[in-house]
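K.L.:
So the chains spell out like this:
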Amino acid sequence: MIRPHGGRLIDRMAKGEMREAMLAKAAELPKIQLNERELADVEMIGCGAMSPLEGFMGRDDFQGVLDNMHLASGPVWSLPITLAVKPGDTRKHKAGEQVALLDDLGRIVAVIEVEEVYRVDHGEEAKKSYLTDDPAHPSVQYLKSITNTYLGGPITLFNKIAHDDFNEFRLEPKETRVLFKTKGWKSIVAFQTRNPIHRAHEYLQKCALEQVDALLIHPLMGATKKGDIPGDVRMACYKALIDNYYAKGRVAISIFPAAMRYGGPREAIFHALVRKNYGCTHIIIGRDHAGVGSYYGSFDAQNIFQQFRPEEIDITPMMFDNSFYCKACGNMGTAKTCPHGKEHQVFLSGTKVREMLVKGERPPVEFSRPEVADILMKYYQSQTE
Amino acid sequence: MENKVTIKIPRPLYEKIQVLVADSGFSSPTEFIVYILRDLVGEQMGGKTTAKEAGELTGDEIAAIKQRLRNLGYL
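Protein chains in written order, with the working numbering: chain H, 1 to 385; chain P, 386 to 460.
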């Protein structure tokens with residue numbers, strides 16, 4: 001089994017009598033209500049998905065991540081994981097205090113032992129993490145919505161974060177690890193997605209699966225930007241695909257609770273490291289992985305892996321170019337494998353696909369499986385009613 | 386103010402810790418010592434604040450996970 005990032009799978013869940021004692025004490029502590037991204041981070045830190053992080057980053061880790069993509073203790077880490085003091089919170093937070101962390105319903109979910117209170121430059125954070133300070137970028141927008149005073153320190157969770165949906169698909173890293181071991185899967189490729197899977201991505205997954213024991217489809221279900229297809233619609237698409245087009249016993253699907261940062265290359269590294277914690281040995285990195293708009297080059301998310309020694313990352317990235325159905329070849333391919341011109345390729349832009357689905361037109365079967373297309377048609381038509 | 390301080394420990398102890406942390410998942414004696422101290426201080430404050438290291442699950446934990454995976458249809 002592949003070792004977690006940093007060597008140990010972190011578990012920050014309080015248990016037993018100690019949990020009860022801490023919970024009683026937490027009610028009297030100063031409180032911070034977490035936003036959606038922070039709550040997702042708490043969940044991921046707590047269950048070890050973000051190992052070796054044990055809490056929100058302090059200054060040294062934060063600066064190390066911005067400047068050279070390494071934590072102060074050495075391991076590679078590519079994105080800041082931070083907790084901001086809330087706008088309007090006039091309390092003077094200080095190192096040494098404990099602060100209760102609340103979910104969106106005001107329930108205490110965790111406590112942070114504050115080791116550091118520090119100020120950051122959001123402009124620097126944006127430019128180094130997301131390679132832009134354009135206010136239109138979703139994560140730059142996010143930074144503008146929070147304060148620049150961060151609290152760093154280890155956290156302890158009292159309960160698993162409650163979700164209203166997909167609980168039957170929510171597996172923690174220790175659970176996926178037991179699953180893989182029990183199944184006898186030694187090599188597992190992860191597929192990160194926040195979109196429905198059409199033929200192009202199905203092809204990448206199956207190419208990868210030819211090389212390993214199993215595929216983990218790991219759809220991101222944390223915060224996404226406005227306009228992304230809702231999680232329930234995506235899950236219905238994934239299930240239709242798995243039921244109809246994937247070999248039984250070689251594919252698992254589980255929720256990835258992270259918030260989307262749209263951080264392109266740096267988020268590709270983050271996605272890889274975190275999937276290693278779930279026990280995956282490989283990860284598919286396609287064209288413009290975790291990108292948005294035109295902020296990143298098509299292959300930036302692949303090229304960034306060259307900045308690290310393979311043993312620093314450990315999980316193996318499987319890089320793919322854009323794939324398509326070629327009518328002349330009569331099969332799926334990429335520019336690496338297909339000699340024909342674009343006129344033979346079945347390619348539809350996202351805008352064109354949406355237009356077709358809204359009108360109730362199924363995209364060609366070479367582009368999207370009919371079962372997936374039907375689910376999406378129903379969704380888009382419900383949006384226009 | 387500097388966020389980290391230097392604490393002196395006997396060299397033989399440091400060398401023993403170096404051996405202990407080799408291939409243990411801790412990247413340095415410092416990381417190991419901070420982990421142990423946080424655990425200890427947490428207990429002293431009335432709540433064990435550092436949850437146990439989960440690298441090795443107990444037999445009961447593995448059995449519980451397998452049962453959940455069976456219940457969910459994964460196994």
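In short, the hints are calculated from the structure, not lab data.
None of these values were measured; they are calculated from a predicted model.
It is possible that some hints are incorrect.
[As the list claims (entries may be wrong)] Which stretches of chain P does chain H cover? Using the computed rule of at least three CB atoms under 8 Å from a CB of chain H, they are:
(1) 392-400
(2) 446-456
[As the list claims (entries may be wrong)] Pairs of lysine to aspartate or glutamate, EDC-like flavour, derived with a Cα cap of 16 Å:
(3) 181/H to 441/P
(4) 181/H to 446/P
(5) 451/P to 168/H
(6) 389/P to 168/H
(7) 92/H to 115/H
(8) 15/H to 408/P
(9) 248/H to 213/H
We put the beta carbon where it would ideally sit given N, CA and C, even for glycine.
K.L.:
Each hint should be assessed against the structure and marked as holding or not.
P.N.:
Hints and how they fare:
Three residues within the 8 Å Cβ limit are the bar, and the region 392-400 of chain P against chain H gives 0, so the coverage statement is violated. Using a Cβ-Cβ cut-off of 8 Å, 6 residues of the region 446-456 of chain P lie near chain H, which meets the minimum of three, so the contact claim holds. About 13 Å separates the Cα atoms of residue 181/H and residue 441/P, which keeps this hinted pair within 16 Å; it holds. This hinted pair checks out: residue 181/H and residue 446/P have alpha carbons roughly 14 Å apart, not beyond 16 Å.
A C-alpha spacing of about 14 Å is found between residue 451/P and residue 168/H, which places the hinted pair at or below 16 Å, so the restraint holds. Between residue 389/P and residue 168/H the alpha-carbon distance is near 43 Å, which puts this suggested pair outside the 16 Å criterion. Proximity of residue 92/H to residue 115/H is assessed by CA-CA distance (about 14 Å); at most 16 Å being required, the pair is judged to hold. The straight-line distance between the Cα atoms of residue 15/H and residue 408/P is roughly 28 Å, outside the 16 Å bound, and the hint therefore fails.
Between the alpha carbons of residue 248/H and residue 213/H the distance comes to roughly 12 Å, so the proposed pair stays at or under 16 Å and holds.
In summary, the structure is inconsistent with hints 1, 6 and 8 from the numbered list given earlier, while agreeing with the others.
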